[in-house]
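Colleague: Quick note on numbering: the sequence shown equals residues 1 to 186 in my numbering.
Just so you know, not all the hints are guaranteed correct.
[Said to hold, decoys possible] Capping the alpha-carbon separation at 27 Å, the derived lysine-lysine pairs in DSSO-like fashion look like this:
1) K68 / K104
2) K164 / K89
3) K150 / K104
4) K150 / K89
Honestly, the hints are just simulated from the structure, not real lab data.
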Amino acid sequence: MSLHTDLYNQIKVLMSGDEVRTAISFAAFAVSLASVYFSRRSWFQSNRPIVIAFVEEQHTSDIASTFKLVVSNTGNRPATNVCLRASSKDLSALVEQTARPEWKDAVNQCFSESAIIPVLRNGEELSTAFGAYTPNSPDGEWLNYGVQIKITIKYSDLDGHNYKSIIPLKIYVREGFGGSIWSSMK
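Whole structure, please, built from the sequences with the hints as guidance.
Modeller: What follows is the structure, encoded as structure tokens:
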């Protein structure tokens with residue numbers, strides 16, 4: 001006899017036809033429960049807010065490049081209570097040590113308790129002034145160009161699920177990130 005026939009005969013001896021049907025029904029029920037669980041989990045993972053932050057150049061001249069901090073919800077649901085956090089060591093690395101105290105405070109303010117965004121709609125971008133790179137300014141330098149730090153973004157969705165992301169934040173010109181761009185002729 002073959003292995004397949006032996007196995008069939010052993011099952012036939014151990015279980016009657018009704019028991020086999022009951023076992024198959026339980027197995028089908030377990031598979032359907034697992035399917036519901038994974039479908040629900042997948043829906044929650046794909047239908048949620050996804051909040052990111054980055055530094056973008058606002059304006060460039062011969063004297064300075066000004067930057068803004070942009071917070072964007074790239075997900076498909078609104079985010080609530082969005083807050084950005086960074087260590088004081090990382091925040092000090094962003095700003096020149098010789099920068100004016102009010103310039104340092106302006107950067108630190110973006111990561112404070114008072115800078116929480118109550119609601120960030122899906123697809124919405126909000127920005128705030130984030131300093132300038134002033135290499136030859138008579139007022140002194142401000143931001144450390146090229147510095148990258150890690151920041152933490154904490155936020156919730158409308159159902160109260162909490163999310164936390166740790167992402168890099170870098171002071172640089174995004175357009176021409178490799179060091180140069182083609183100029184357009186006008």
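Colleague: Run the distance test for K150 versus K104: straight-line Cα separation, threshold 27 Å.
Modeller: holds (18 Å)
Colleague: Take a quick look at whether K68 and K104 sit within 27 Å of each other, Cα to Cα.
Modeller: holds (14 Å)
Colleague: Does K150 pair with K89 here, judged by a C-alpha cut-off of 27 Å?
Modeller: Cα-Cα ~11 Å, so holds.
Colleague: Is K164 close enough to K89, meaning Cα to Cα at most 27 Å?
Modeller: holds (20 Å)
Of the hints listed earlier, there is not a single one the structure fails to meet.
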